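S.K.: Chains A and B, in that order, give the protein sequences.
The working numbering applies: residue 2 is where the first sequence begins, and numbers increase by one.
The working numbering applies: residue 776 is where the second sequence begins, and numbers increase by one.
Bear in mind the hints are in silico, worked out from the structure with no lab data behind them.
There may be inaccurate statements among the hints.
SDA-like cross-link-like pairs, simulated, lysine to any residue; straight-line CA separation at most 20 Å [said to hold, decoys possible]:
| # | chain 1 | residue 1 | chain 2 | residue 2 |
| --- | --- | --- | --- | --- |
| 1 | B | K1141 | A | S102 |
| 2 | A | K108 | B | P1155 |
| 3 | B | K1141 | A | D116 |
Every beta carbon over 10 Å from chain B, so not counted as near; a handful from chain A, in silico [stated by the list, open to error]:
| # | residue |
| --- | --- |
| 4 | F123 |
| 5 | M181 |
| 6 | E182 |
| 7 | T191 |
| 8 | Q205 |
| 9 | Q229 |
Nothing here was measured: the structure is a model prediction, and the numbers come from that model.
We put the beta carbon where it would ideally sit given N, CA and C, even for glycine.
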Amino acid sequence: MSDANSENNLLLVEDINTFIGQFHILEGVSLNVPKGSITVMLGRNGAGKTTTLKSILGLTPPRTGKIIYDGMEIQGKRAFNIANLGIGYVPENRAIFRSLSVLENLKIAEREKGDLDKHADFIFGLFPDLERLIKLPGNHLSGGQQQMLAVARALVPENKLLLIDEPSEGLAPILIQQMMEAIRELSKATTVLLVEQNFIMASQLAERYIIIDDGKSVKSGLMKDLVQDKDLIHHYLGASIKTREELEEIYESKA
Amino acid sequence: MNQKHKRMLTTGMIIAVTIAIFTALYFWAGQQTFIRTALSGLTLGSLFFLVAGGLTLIFGLMDVLNFAHGSMFMLGAYIGWQLYTNPTFIFGMLPQMLAFSSGVLLTSAIKPFLIRWELPERWIKLLPKVSLLLALVAFVVSFIGLDIMGLANTAMVAMTTATASNPLAEISPQEALSQYWYRPLLIFVSGALVAFSTSKPGDKSQFALQENISKKLLIPAGLFILAIIATLIRESAPEAILLMNGNWRFIIAIVVSVIFGLIFGAVIEITLIRPLYIRPTFIIIMTLGLSYVIRELVQLLWDPLAYQMARPPLFAQPGKAPDLISWLQNGNATIDIAGVTFPTYRLFVILLGILMFIFITILMTKSRLGMIIRAGVQDPQMVEALGINVKSVFTMVFALGVGMAALGGIGAGPFLPIQPMMGDQYLTQGLITVVIGGMGSYVGAFIGAMALGMARAFGDYFALKYSLSTAIAEASTVIIMVIVLLARPQGLFGKKE
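Next comes chain A alone, as it looks inside the complex (with noise of 0.2 Å):
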């Protein structure tokens, strides 16, 4: 990678290597964030994407590897170390907690007290809906409100780089349109590493990708440059784009 040490780089991994019980689950993952960029994390199913995400957090902390953020290595840090130097995380599966009203869900990703005061305006700005819920309990909301309030609770303290898993999985079409609204819109503030497999969403949205296969980044560079290479495309991502008719689709949109 041309650019992986240059000063620009919120997020900088080097060939991490991460294990979950007996399985080798990343091989070898390295990628760089560029401050104040969408950075999009493609692959297949199962190819380490979450693990990823997972291993910056410290979640599944990596064997072996450098992992640098804002420049300070975090690797070997507990997880709440390093999400409370700026980190939030919107995981895969919403992980809202059910038992908690809306409110509550906000509050309780506070790192200082008027944490959700301060960007109140902000949050319901771009996700009108949870104002109008926000004393219902988590396990009342619909799947689409769900992530909503996923990615809000992300917004709620002052965060530098977000870490957004699959934002459009299992939305309707018109909420996928929202959710990447919402992200565009969030991303002029704070830099975004995201994992889509939405290619089209995807395309859209971010400057730059990685591509993850088989626990290993085996290419990185410029979205403008990939929707060009049907090859690439075609080799790794074949299984998430649907029909050909779809890829045309994008090719014509970014001509």
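We have chain A; now place chain B onto it with these hints.
M.R.: Frame of chain A; chain B shown alone:
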């Protein structure tokens, strides 16, 4: 029929059945007997709740089934009883405890500097072992010649008035300061070395926080000063406490017992349970073993005898108080409730259980800690990812649970015989309560505990009335559990997995 209707129907049925049972009991037993037996049931239920509440919180958050909970209940009773009748032992041990924890915390505070040491590989492996060995030697030497048994020695107090006539009769002399002074110092060194043996100098993979060190030194320094003070007041403090008004002394006993429970719970969680979270079955075996260790230590210190703790003066005067106010003025042993004579101390136990339930409810619904606990029950990993130190929350909840058990122990002290097995029955009933109420639900624990208390009390009453075996009363709680599990396998307030 949707979920909501179904739930309403179930709740309605449960309430209807409960009312029906109580009405039937009322007419069957007659008004006076009913009130007396119901109050006895609430007393038992309160104690069950104090055990089950902690069990269920701990299980809900950490999936830890603490089989040592009954022993912690018993330990709470012993500590409170010792402070109430003979604080010599507690004050004799206090300087050592404080000095040891001061040593441990000192090393922990300077740990970030220790792990930056550049040491050869051989030393890194050898140093912890050597320091642990030295710590052990210092620990043993500091106790050689100290008459621990003598300090713990307390005569059986058969009559409630025995201590009232001469409260200082129980006190045994402490070692003179000229012989004693080196013991806390040695144990301070021992504590520092124990912590050092686990701190892995030179281990760069550990994260060293760049914090202001002088702030962290405040706590060990404070503890050290407290240890010095404790050394100096070993003789005078027990006397001062024993000459106090018995009611105040009892309140102090409760506070000391609860604080002991909180600290003991935190220490157990950090040292013994934390390394085993990845092996849940080991935790069960460990807590089971721990309960035996605690019981044997207690037998060693106080002999396997049953002691009778004197009731505090507020509950001790013979005679029956006609109403609440005259009881509070005269401190009668019994009180008249709707024509029924009932021991006043048991009312206090009921109050204790209800207050604790209110406290837990407020803690869980209104405080940030409660919010974190409720979230952690569902997904501890996500809570950690939000920047919350889940491990320290685990420690707090475990400490809270053990503190509650200790409160139950000292609460039970004045009306149960204090003996090493006293917690066993409460552990069993506590576990049944947790199953009935639903794992992890404190509301379920409260309702389940009260139901079990009632079942025991009425079971005893009917067994006596119809000259049946009292085993029926003991079996009744298990029968209730079976019925509840058949109808709702997740317990009354449990959530389906």
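S.K.: All hints, please: hold or fail.
M.R.: We went through each hint and held it up to the structure:
1. B/K1141 with A/S102: With Cα atoms ~12 Å apart, B/K1141 and A/S102 stay inside 20 Å; holds.
2. A/K108 with B/P1155: 16 Å, holds
3. B/K1141 with A/D116: Holds: B/K1141 and A/D116 sit about 18 Å apart, inside 20 Å.
4. F123: Given a closest Cβ separation of 18 Å, the condition holds.
5. M181: The assertion about A/M181 holds, with a minimum of 23 Å to chain B.
6. E182: 25 Å, holds
7. T191: 16 Å, holds
8. Q205: A/Q205 is indeed farther than 10 Å from all Cβ atoms of chain B, at 27 Å.
9. Q229: 36 Å, holds
Every hint, counting from the list given before, is met by this structure.
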